[in-house]
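The primary structure of each chain is shown beneath.
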Amino acid sequence: MMKNGTTVIRKPRKNPYRWLIYIALVLLYVWAFSGVPFTGFKETAGQIMRSIVAGIFSPDWNYVYLPEGEDLLRGLMDTLAISILGTVISAVICIPFAFWAARNISRFRFISGSGKMVLSFIRTFPEIIMALLFIKAVGPGSFAGVLALGLNSIGMLGKLYADEVEAIDPGPSEALMASGANRLQQLWYAVVPQVLPGFLNYTLYRFEINVRSATILGVIGAGGIGTPLIFALSTRNWPRVGIILLGIIVMITIIDLISGYIRKKLV
Amino acid sequence: MKTPLPTSAKSAIHPSKPPTRMKHGLTAVIILVLIWASAVQTEASFSKLVIGLPNMLDLLRDMFPPRWSYFKNITNGMLETIRMALIGTTIGGLLAIPVAVLCAGNLMPSRWIYFPARFVLNLVRTIPDLLLAALFVAVFGLGPVPGILALAVFSVGLIAKLTYESLETIDKGPLEAMRSVGATGTQLIIFGVVPQVAAQFTSYVLYCFEINVRAAAILGLVGAGGIGLYYEATLGFLEYDKTSVIILFTLAIVLVIDYVSMKLREKLL
Chain Z
113 MMKNGTTVIR
123 KPRKNPYRWL
133 IYIALVLLYV
143 WAFSGVPFTG
153 FKETAGQIMR
163 SIVAGIFSPD
173 WNYVYLPEGE
183 DLLRGLMDTL
193 AISILGTVIS
203 AVICIPFAFW
213 AARNISRFRF
223 ISGSGKMVLS
233 FIRTFPEIIM
243 ALLFIKAVGP
253 GSFAGVLALG
263 LNSIGMLGKL
273 YADEVEAIDP
283 GPSEALMASG
293 ANRLQQLWYA
303 VVPQVLPGFL
313 NYTLYRFEIN
323 VRSATILGVI
333 GAGGIGTPLI
343 FALSTRNWPR
353 VGIILLGIIV
363 MITIIDLISG
373 YIRKKLV
Chain D
71 MKTPLPTSAK
81 SAIHPSKPPT
91 RMKHGLTAVI
101 ILVLIWASAV
111 QTEASFSKLV
121 IGLPNMLDLL
131 RDMFPPRWSY
141 FKNITNGMLE
151 TIRMALIGTT
161 IGGLLAIPVA
171 VLCAGNLMPS
181 RWIYFPARFV
191 LNLVRTIPDL
201 LLAALFVAVF
211 GLGPVPGILA
221 LAVFSVGLIA
231 KLTYESLETI
241 DKGPLEAMRS
251 VGATGTQLII
261 FGVVPQVAAQ
271 FTSYVLYCFE
281 INVRAAAILG
291 LVGAGGIGLY
301 YEATLGFLEY
311 DKTSVIILFT
321 LAIVLVIDYV
331 SMKLREKLL
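First to last, the protein sequences are chains Z and D. For the first sequence, this note's numbering assigns the number 113 to the initial residue and increments by one for each residue that follows. For the second sequence, this note's numbering assigns the number 71 to the initial residue and increments by one for each residue that follows.
A hint or two may mislead.
Unchecked claim - Computed spacing ranges between beta-carbons, pair by pair:
id: 1; chain 1: D; residue 1: 176; chain 2: Z; residue 2: 222; range: 55 to 63 Å
id: 2; chain 1: Z; residue 1: 166; chain 2: D; residue 2: 332; range: 39 to 47 Å
id: 3; chain 1: D; residue 1: 330; chain 2: Z; residue 2: 251; range: 36 to 44 Å
id: 4; chain 1: Z; residue 1: 222; chain 2: D; residue 2: 332; range: 17 to 25 Å
id: 5; chain 1: Z; residue 1: 141; chain 2: D; residue 2: 139; range: 44 to 52 Å
id: 6; chain 1: Z; residue 1: 312; chain 2: D; residue 2: 181; range: 30 to 38 Å
Unchecked claim - Subject to a maximum C-alpha distance of 20 Å in a straight line, what follows is the list of computed SDA-like cross-link-like pairs (lysine to any residue):
id: 7; chain 1: Z; residue 1: 377; chain 2: Z; residue 2: 299
id: 8; chain 1: Z; residue 1: 248; chain 2: D; residue 2: 192
id: 9; chain 1: Z; residue 1: 376; chain 2: D; residue 2: 192
Hint data in this document are derived by calculation from the structure and do not stem from the laboratory. Positions of the beta carbon are idealized from the N, C-alpha and C atoms, including for glycine.
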């Protein structure tokens with residue numbers, strides 16, 4: 113409301129039910145904290161913590177390369193290979209899913225809706241559970257990890273790709289159609305150039321996530337650096353835990369830097 | 071009359087040369103070599119997959135129909151999972167506030183503070199939550215507490231990163247206005263900074279909570295409490311019809327929490 117050129121600014125009205133929300137929150141926290149046994153730690157906790165920290169600062173450098181195999185470098189290579197192959201597989205498989213789930217491609221809303229639902233179903237599935245299932249199928253090892261990552265990444269990549277497809281400018285496609293191009297030519301000359309940078313960007317982003325996932329797949333026996341880490345933890349070989357953690361941190365930092373650099377150039 | 075374009079105008083029209091055929095070819099070769107090397111390293115083989123598929127189908131057949139009676143055995147595990155996610159996210163969110171302020175370039179006086187802070191934050195964010203949980207289990211023993219700690223550390227990394235990026239985009243106007251009328255540092259933060267980022271911060275915490283529920287569901291695999299413990303038990307005894315109950319229950323809970331959290335976040339922003 114304007115009066116003599118000044119605007120009356122009212123205080124924003126507060127939600128009258130907000131006390132209910134606060135009470136619900138308090139009750140939620142009471143419930144949560146009452147159910148957790150905050151007692152009964154190992155008496156050795158402090159000592160182990162110190163050994164781990166000491167292990168991280170005096171890593172077992174000999175483990176970096178062992179001539180007979182099963183060393184840090186090979187474990188990291190394995191992890192990297194799992195994530196590369198998993199990402200490539202999902203980046204290829206998710207393309208049809210993306211077009212299925214994109215709203216502007218299909219004429220009926222329920223088609224894209226069902227595609228989106230399938231993708232979000234895959235997304236909610238934890239990859240480590242998928243890896244457990246693939247281990248049953250192809251046996252323990254890196255290949256099970258590859259398949260788990262490849263299938264699991266479809267959920268997220270498919271959704272991101274679909275968003276990219278939905279953002280397509282129809283202009284070039286229509287212009288090509290008007291000058292007599294067929295469907296395939298339209299796809300190749302109008303759609304692909306528009307979506308390719310986005311697709312590559314998201315693929316690299318997912319690759320960064322997959323490298324992190326691949327480091328934990330070994331925990332259940334699906335290859336990579338996780339297996340020696342769990343082994344070192346259970347045998348209390350702290351210097352080895354230290355060097356493996358260090359290796360993982362360095363590898364992921366380098367991958368993030370490279371991938372971030374390429375993505376910046378793409379967009 | 072046509073005049074030749076001066077070179078500067080030409081370069082303005084074509085700001086950069088399109089990459090040559092050679093460069094594209096080289097990129098393709100590098101990618102193919104990477105894929106091939108990865109396939110060799112992981113011993114990927116299509117035939118192994120085809121041979122393994124019947125096993126997989128057997129597995130799926132064993133999983134259905136799910137044995138619904140197992141449901142009541144795992145509700146406690148599920149509740150513990152949600153508790154762990156809730157407490158872990160809360161601790162992480164609280165710790166993330168000072169960390170985010172330390173990392174924000176516009177609030178800290180010197181880059182000698184915020185560069186090291188960001189560096190440490192990035193290092194923390196490289197460690198996956200399951201590895202953190204495995205570490206904490208080694209330190210504290212089995213149970214939900216190591217899981218909660220792992221989630222808390224992971225949450226600090228994520229929430230602090232998102233929050234400091236929001237902090238750096240806040241509007242300077244209110245701050246300058248307050249400083250000009252003599253507000254102290256604490257007053258600046260409480261009345262100038264907090265109102266600008268509070269909604270975003272809450273949204274990040276909710277987002278992190280969604281991620282943490284999923285993470286908490288698998289932390290049990292390394293002995294850190296929650297529903298994940300039951301995977302080992304049922305898969306070890308080949309009771310796949312029970313495993314499928316766990317999977318479906320987890321999916322349902324995750325979907326419900328995601329939906330509620332998404333609605334709340336939409337309301338916030």
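Hint by hint, here is what the structure shows:
1. D/176 - Z/222: 55 to 63 Å: Taking Cβ atoms as reference, residue 176 of chain D and residue 222 of chain Z lie about 48 Å apart, which means the hint is violated.
2. Z/166 - D/332: 39 to 47 Å: holds, 44 Å
3. D/330 - Z/251: 36 to 44 Å: holds, 40 Å
4. Z/222 - D/332: 17 to 25 Å: holds, 21 Å
5. Z/141 - D/139: 44 to 52 Å: Hint violated: Cβ distance 33 Å, outside 44 to 52 Å.
6. Z/312 - D/181: 30 to 38 Å: holds, 33 Å
7. Z/377 - Z/299: violated, 25 Å
8. Z/248 - D/192: Roughly 36 Å separates the two Cα atoms, so the pair is violated.
9. Z/376 - D/192: The given pair, whose Cα atoms are some 18 Å apart, holds under the 20 Å limit.
Of the numbered hints listed earlier, those contradicted by the structure are 1, 5, 7 and 8.
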